[in-house]
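Letter by letter, the chains look like this.
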Amino acid sequence: MLTAAGAAVAVAVELLEALAIVLAVGTSRRWRDAVLGAAAGAVACLVLAVLLGPVLLANVSLDVLRIAIGALLLLLGIEWLRKGTLRLAGRRARSSSQAEYEETREELEGSPLPPVGQADWAGRAVAFKGVLLEGVEVVLIVSALAARPGARTPALVGAGLATVAVIAGGAALRRPLSRIPETELKYGVGVVLSAFGLFFAGEGLGVDWPGGDLALLGLAAILVAATQAQIAALSRHAPGAVGA
Amino acid sequence: MSFLAGLRSLVLGETWVVPIGVAMLLGGAALGEGVADSLWHDGGAVLLTAGAVIVVLVSVASGARRR
Numbered sequence: 000m001l002t003a004a005g006a007a008v009a010v011a012v013e014l015l016e017a018l019a020i021v022l023a024v025g026t027s028r029r030w031r032d033a034v035l036g037a038a039a040g041a042v043a044c045l046v047l048a049v050l051l052g053p054v055l056l057a058n059v060s061l062d063v064l065r066i067a068i069g070a071l072l073l074l075l076g077i078e079w080l081r082k083g084t085l086r087l088a089g090r091r092a093r094s095s096s097q098a099e100y101e102e103t104r105e106e107l108e109g110s111p112l113p114p115v116g117q118a119d120w121a122g123r124a125v126a127f128k129g130v131l132l133e134g135v136e137v138v139l140i141v142s143a144l145a146a147r148p149g150a151r152t153p154a155l156v157g158a159g160l161a162t163v164a165v166i167a168g169g170a171a172l173r174r175p176l177s178r179i180p181e182t183e184l185k186y187g188v189g190v191v192l193s194a195f196g197l198f199f200a201g202e203g204l205g206v207d208w209p210g211g212d213l214a215l216l217g218l219a220a221i222l223v224a225a226t227q228a229q230i231a232a233l234s235r236h237a238p239g240a241v242g243a
Numbered sequence: 000m001s002f003l004a005g006l007r008s009l010v011l012g013e014t015w016v017v018p019i020g021v022a023m024l025l026g027g028a029a030l031g032e033g034v035a036d037s038l039w040h041d042g043g044a045v046l047l048t049a050g051a052v053i054v055v056l057v058s059v060a061s062g063a064r065r066r
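Line by line, the protein sequences are chains A and B.
Under numbering that gives the first Met the number 0, the first sequence has 58 at position 59, and the numbering climbs by one with no breaks.
Under numbering that gives the first Met the number 0, the second sequence has 48 at position 49, and the numbering climbs by one with no breaks.
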């Protein structure tokens with residue numbers, strides 16, 4: 000359940016960012032080029048995912064794989080947790096797909112739109128790059144969460160549900176989902192990924208986690224307690240949110 | 000931002016504090032397992048968790064100081 004929830008939230012947050020970029024291309028240029036660029040990025044991610052999993056599982060021992068996956072999840076998770084803590088403490092601007100949407104629209108304003116019937120390569124390239132970059136992170140997170148015995152189905156189900164929900168929301172609204180509390184979601188994803196990373200790396204390094212898998216909840220609680228204390232301390236001396 | 004710069008930032012993050020901290024944490028854990036296997040087996044959970052919390056707190060503090 001925790002694996003499915005972790006995969007779902009992480010994938011949803013990443014896809015919101017990719018969606019904002021594709022929507023910006025679609026609304027400011029042409030939908031056909033936005034969808035073509037995004038589809039090419041999604042296919043590239045799919046190829047990476049199909050190649051990555053079997054190669055890793057066939058050639059790497061389980062302990063090495065646990066340490067490598069743990070290290071990767073710790074890198075991603077602590078970075079998200081760091082940014083989330085700074086944002087919640089008012090030391091960094093809050094996360095917003097709306098801002099990404101506006102930035103992408105501004106970026107594309109410099110490239111003239113080709114006549115109807117000609118391919119808009121600038122629009123396609125921006126949509127492709129946006130989907131590929133966010134998609135690679137999705138592939139890394141889901142592959143890492145799914146690599147544990149018995150975790151493949153929940154990780155894939157969580158990721159699949161999140162993908163359907165975000166694409167359906169974006170297609171229905173045709174604009175970024177600006178009311179979603181992205182900062183809090185990303186902070187939560189940081190906590191979950193860091194806890195999983197620590198747990199996997201510990202297993203690979205011979206640590207006996209008290210309580211078995213339930214230790215994940217304890218790790219998450221400790222990370223929340225530590226960062227909330229730091230948020231409270233930083234907020235008392237906050238000079239006001241700055242930076243992006 | 001170029002694609003490669005974006006990919007580097009995606010995996011390693013915006014600062015070197017997190018990758019260096021994670022490398023020190025896991026390097027220290029590997030050393031602990033190699034030097035005192037049974038002690039590490041029992042006490043490694045506490046040490047690893049404490050180390051991870053320190054990496055998080057230091058990375059946030061360093062980010063807060065730079066702003």
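Because the hints were derived from the structure by calculation, they are not lab data.
If you're wondering where the values come from, they're calculated on a predicted model, not measured in any experiment.
Please note: incorrect hints may appear among the correct ones.
Unchecked claim - Cβ pair distances, simulated, as ranges: (1) A:Leu47 - B:Met23: 52 to 62 Å; (2) A:Pro53 - B:Ala29: 47 to 57 Å; (3) B:Ala49 - A:Gly211: 46 to 56 Å; (4) A:Ala167 - B:Ile19: 32 to 42 Å.
To be verified - One side only, chain A facing chain B, incomplete, derived with CB under 10 Å: (5) Arg29; (6) Arg31; (7) Val34; (8) Leu35; (9) Ile66; (10) Pro153; (11) Leu155; (12) Gly196; (13) Leu197; (14) Pro209; (15) Asp212.
What the hints assert, rightly or not - Now the stretches of chain A that chain B is said to cover, found in silico as 3 or more residues with beta-carbon under 8 Å: (16) 69 to 77; (17) 157 to 169.
Yeah, the Cβ is synthetic: ideal placement off N, Cα and C, and Gly gets one too.
Interface hint outcome for aspartate 212 of chain A [beta carbon to chain B under 10 Å] | Violated: closest Cβ of chain B sits about 13 Å from aspartate 212 of chain A, beyond 10 Å.
Does leucine 197 of chain A pass the interface check with chain B, least Cβ-Cβ distance below 10 Å?
-> Constraint on leucine 197 of chain A satisfied, holds at 5 Å.
Using the beta carbons of proline 53 of chain A and alanine 29 of chain B, state whether their distance is inside 47 to 57 Å or not.
-> violated (27 Å)
Hint validity - proline 209 of chain A Cβ closer than 10 Å to any chain B Cβ = With Cβ-Cβ at 6 Å, under 10 Å, it holds.
Within 8 Å of chain B's CB atoms, at least three CB atoms from the segment 69 to 77 of chain A: coverage verdict | holds (count 7)
Chain B contact restraint on arginine 29 of chain A - CB to CB distance below 10 Å | violated (23 Å)
Residue hint proline 153 of chain A, partner chain B, criterion CB-CB below 10 Å | violated (24 Å)
Taking the least C-beta to C-beta distance, is isoleucine 66 of chain A closer than 10 Å to chain B?
-> holds (7 Å)
Kindly confirm whether 46 to 56 Å is satisfied by the beta carbon distance between alanine 49 of chain B and glycine 211 of chain A.
-> 20 Å Cβ-Cβ, so the 46 to 56 Å window is violated.
Glycine 196 of chain A as chain B interface residue, shortest Cβ-Cβ below 10 Å | Holds, about 8 Å.
Honestly, do leucine 47 of chain A and methionine 23 of chain B meet the 52 to 62 Å range at C-beta?
-> violated (29 Å)
For the pair alanine 167 of chain A and isoleucine 19 of chain B, does the Cβ-Cβ distance stay inside 32 to 42 Å?
-> The hint (32 to 42 Å, Cβ to Cβ) holds, given that alanine 167 of chain A and isoleucine 19 of chain B are roughly 41 Å apart.
Going down the numbered hints, you'll see the structure goes against 1, 2, 3, 5, 6, 7, 8, 10, 11, 15, 17, while the others check out.
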